[in-house]
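Here is what each chain is made of, one letter per residue.
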Amino acid sequence: MIEVAKETAMKPVVSGSIKCAGKAVFLRAGKYLLGAAILLASSNTLFADNNGRFEIIQADYRVEEDMWIADVRADLELSDEALEALANSVALTIQYQFRITSNRWYWTDKQILARSVNIQLSYLGLSQRYLVHHLDTGEQTSYATLYSALRQIGQLSNFPLVATERLDADGKEVVSLRVALSRDDLPGPLQMLAFWRGDFSLESKWNRWIPK
Amino acid sequence: MEPVDTKIVRRRFATLLLFAALALAIIGLVLLREISGNSENFSRLYQTILLINAANAVVLLSLIIVNLVRLFRDKQKDVPGARLKARLVGAFVLLVIAPMAVVYVYSIQFLSEGIDSWFDVKVERGLTDALDLSRNALDMRMRENLDQTRLAADSLSSLPDMQIYAYLPELRMSSNARELSVFAGGSKIIATSSADPSNAIPLLPTDEILLTLRQQNFYVSLEPRPDDEYFVRTAILLPSRFGAEPRIVQALYPLGKGLGPLANSVQNTVTRYTELAFLRKPLKSSLTLTLSIVVLISLLLAVYGAFFFARRLSAPVQSLVAGTRAVARGELDTRLPSGERDEIGFLVDSFNDMIEQLSAARAEARRSEAQVENERASVEAILARLSSGVIALEKNLTIRTSNQAADKLLNQDLRSQEGRLMESVAADNPALKKVVDIFMDKLAQGETDWRTQVRLTTDSVTRVLVCACTVLPGSYRSRGGYVLVFDDVSELLQAQREAAWGEVARRLAHEIKNPLTPIQLSAERIRRKFLGTVDESSSELLDRATQTIVQQVEAMRDMVDAFSEYARAPAMNRTNFDLNRLIRQVADLYPAHRNQLPIRLELDETLPAVNLDAVRIRQVLHNLIRNALEAMEGQEDSEIVIRSYLLHKHKIDCVGVSVRDNGPGLPEEDREKIFEPYVTTKSKGTGLGLAIVKKLVEEHGGEVEIESELDEGTCVTIVLPIGKTKDADSAVQNGGRTRRISA
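Residue numbers (my numbering), protein chains in the order written: chain A, 1 to 212; chain B, 1 to 743.
Simulated from the structure, these hints should not be mistaken for lab results.
One thing to keep in mind: the hints can contain errors.
[As the list claims (entries may be wrong)] Some chain B residues judged to face chain A by a derived CB distance under 10 Å, without partners named:
1. Thr212
2. Asn264
3. Arg280
4. Lys284
5. Asn429
Just so it is clear, CB atoms sit at the ideal spot from N, CA and C, and this is done for glycine as well.
Please build the complete structure, drawing on both the sequences and the hints.
The structure is reproduced here in structure tokens:
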């Protein structure tokens, strides 16, 4: 029971002031036209205390049995809105997005491969634990703290990216990687809200690596 | 190639734009509705839809602004139909906005209340209670499982690893665990026993377990399984023995068929409800946003539709107003485009028919007006060139019109007096008053068609006018009236008299001259034959008698010669000569004698040479001087003054010669007739002198005037055109003939 109490204390809490500020701004934005609302909504992120942060800390690529294997370490921090949604049983899907493109001087880059790793993070009220569900493999683990869960999600190990034969390693191919909160997998009403507000726009910068 | 009407093109483009906006709006709204209920397509379509709707809104807003600006401008410029269009737009917009606002507000309220009604406080509390109950129940279960694990750990704590392996299955079964494992350190498996034979590898302790065990020697948690079941994981840290790594006893307990599905059900329900409760606000916002977009687009469409239909409705009226204004300006070639087959179209067709008829009537009126104007111009031209004076009077006796001849005959500018009463105009003009009096008398007697002869004296000139009056035809428009016509018959009468006197003279000359010679011859024969044969007294008587007969016959012959000269009109022989010189020559023939002073000459030495018949002018001068001398016969200090001067009369260069005497003068009644033959106031003379003067002067195109005062004297003035050159000569002759003034 001691653990349970501690974990309860770890539940994300959204401060009332942030909510009020967001609402006021949103109401003010509502007075203007659609275009003005878009601009204001995009600037709404300036007023939030915790906007969240996704960042690729390290990405290593190695060849193992004719496959390029990726080991990624990411620092994931959810925004207040995302934390509130998670606390209210909304499952969040975090995606590792891999793009392999070939550089073309005469045209836009050609996409050779696009792969993603989808990991769902949810909170179980009964057990008061965070469930990390690898949607691609079906593997799932639960954690007493969000920190542990995010830490686990932030470590992608031994991910078979692409067969070595598909990459020419002539310096033209570029492997791009980012980790992002998938807004497509949010519930419908939240998607529309997320479109106008920046709280659910959590994504890291593209991490690029040229295979050699 | 027909010219393209830019208005039609613009209208078609606007209609196309409207339909495109309408289609876009429908597509956008349908898609919006589609994604609102289907989150899978959201991110794929939402931006596109938003773009479509935003573009749609921008297009509609631009169209509305353009229309508003145009409407405002039209209203400012007072363009026909602008006010009607503004009213229609206002009415349409009001009709659209009011119900739409009501629907919108109620929809938002209904939406909000509808969504809120899904959530009940009691349900929420029940779920929370159920969750707490479940947690309590599970806590007890977890505590029991932890105790069981502790017991197992106690029994294993003193056993070596080999015995643990053998004893473990029995211990697992006795504790009802699904899996019981013993680990050395964190991940080294000492022994494991599982109820599932296929599961050879036990579930390794996680970092979280190891961390917890380091802190408090035990760990317990309820963990979900992939198959939506829950199991209780417990772990006990055994104390280290003989310097070996510490052992961890981990046991997994299923919740069982009774508690497991219940826990699962509670979890799923709570999750679903919590999620729904959380999504309540976003759901409201998204639905409100969707509804707002729908309402906004619908509103913009409706407002633009209001402009569109207001334009369509007001266009024929606008066209009619513009057409009416154009017609009012006199543009009768205005035709309105035929509208649709409705009442407005019928009105437009009727307007076109009316304008057609109006145009035809106006053309006809113009033709008539032109015709009337032509006729009027003709009449005016005729009247202007008419020698007869004409005065048209209204029925109320005001002057309607008159001609130049009337002005001249009546010596009154009647044309500037149009619109005035004839009587008031005639007040200052005795000649005209005489005519008006006659006219009024006749009118009083009920005579409207009459003709009479009037003798008028204007500016010392006496004219005989034949005055005729008749009634002008009247109709319901013209008021009728009278027309007075004056003909100057003075010259005609004079000519008639002269012709009569000429005939008399000719007959007298013929009839009297013939017997004169035999009478004279007979008297001379009697004298010759009997003068010597009779006694002295008889001889003297005979001589005296025959002398008297001969003298009287001579005198009679002279008189007959004078008559014949008056009747005869020899050809004119014009020559250039000095008139002053001629006057001097003639005056020299009349030297002063007895009580008579010499003729005094006051001649203008700058007088140019004249082109006249010198013989006739000489005779004129003789007649005038003789006439003056005879008038002053026996008078003391009688004097004759002959004066010559240059003057410009009737736009012609003329010379004037006046012969003035200081005789007894003429009585007024004789002045008018003094130029007629056989009219004389003297005891001697034939009475033909001045008649001949007048005749000879008029033959030169000149005028004779006489001024006389009793006991003061008489002055006869002749005015002759110079007629110096050949051209001037003809001009003089023409002018003379047309401007002859009868004395």
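Going through the hints against the structure:
Interface restraint check: B/Thr212 against chain A, minimum CB-CB distance 7 Å, threshold 10 Å, status holds. Taking 10 Å as the C-beta cut-off, the interface hint given for B/Asn264 holds, the closest approach to chain A being about 9 Å. Taking 10 Å as the C-beta cut-off, the interface hint given for B/Arg280 holds, the closest approach to chain A being about 8 Å. About 8 Å separates the beta-carbon of B/Lys284 from the nearest beta-carbon of chain A, less than 10 Å, and the hint is met.
Contact between B/Asn429 and chain A, as hinted, is not supported at the beta carbon level, the nearest pair being about 91 Å apart and thus beyond 10 Å.
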